[in-house]
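Colleague: Quick note: the sequence shown uses UniProt numbering, first residue 1, plus one each step.
Among these hints, one or two may not hold up.
Unchecked claim - Cβ-Cβ distance ranges computed for the label pairs, FRET-style:
| # | residue 1 | residue 2 | range |
| --- | --- | --- | --- |
| 1 | 22 | 47 | 33 to 41 Å |
| 2 | 162 | 12 | 27 to 35 Å |
| 3 | 165 | 256 | 28 to 36 Å |
| 4 | 303 | 152 | 37 to 45 Å |
| 5 | 48 | 129 | 22 to 30 Å |
What the hints assert, rightly or not - DSBU-like mimics (lysine-lysine), calculated; alpha carbons at most 30 Å apart, straight line:
| # | residue 1 | residue 2 |
| --- | --- | --- |
| 6 | 129 | 3 |
| 7 | 29 | 115 |
| 8 | 122 | 29 |
| 9 | 3 | 25 |
| 10 | 3 | 122 |
| 11 | 210 | 3 |
Keep in mind the hints are simulated off the structure, nothing from the lab.
Yeah, the Cβ is synthetic: ideal placement off N, Cα and C, and Gly gets one too.
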Amino acid sequence: MRKYIEPRLRRDFGGIISAYFDFLKGNFKEIINMFVGYNGIFVIFILISVYLMITGIVAIAIAQNSYSIGGSNAEESAAMMTGIGVILLILVLLIATLLNYTLSSAYVSLYEERKVNNIPRKDAWVKAKRHLGGIFLVALVAVGLYIVYIIVQVILAFIPFLGSILSIFIGLGFNAWISLTIFSYVHNEDSTVFGAFGEAWDLLFSNFWKAIGVNFVLGLIIQIALMALNLLPAILVGVYIFHTVESGTSLDESVFGQILLVVVITLFCLMLMFIQLLSQTINAFVYFNLHEFKNNTYLRSRIEKIGENA
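Start from the sequences and build out the full structure, keeping to the hints where you can.
Modeller: Pasting the structure below:
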């Protein structure tokens, strides 16, 4: 059994990365169980929404090639079906994102509190569901902030080279701020939504480069690893496209092609959701590290224990 990794230690950049992977090795099985257990319902809705999208696109293609009187009505119905599929998919991914960020925050919070690996997923859910209402408010505030973020990014797009560099740093910082806010709100039972935003802001700028650096490096490693899992579906799609080009077969004529696209898009969405869950566990470790450097809470508790035992 792997030992407990104390997330509150004062670690440097490399130390956080090493500690995080040690944590992941000891808890990966239960994190997977938690993801599967609480995201199964989303898989069903994603399949339905992607099916509506693909079916609608195919129906539009058929209607455009149809010279019948009802071709126009058929195309409108197909466009509506496609739109419903897209809207449903976006809503499902947004809800799944909020749930996964909250669940992963609750998991690491309980991990630090109990100091054992493999926290039962039901315990993480019990803690997470107490904060879902507040997380929804966090999301609403984040949407407003995101609009400001987009405006800033548009302005930076007009600045050659330097604008691109600043855009990357601002993007990483913004994502880290929102993630730290969510963890702060879930971890601290007496925290308010706006109090969590304030604490996350202070922690982020107490060591900005460490926060965005850890997010960038670990996020990149995780994305590469999980994208590798989608290599086989991508190869299948490539082979299918090559076959259709060679044979002159269109998508509306191939049931296999439609099923393949539904499965591949669904797998991509699941990969995106799992990346989000893991990225939040990364920021939980960043939160504890920044909090300890700023407040010395863990160090003071150890000193007090030494005094008690003296």
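Colleague: When the structure is checked against the list of hints, which entries are broken? Sort them ascending.
Modeller: Hint 3 is the one this structure does not satisfy, whereas the remaining hints hold.
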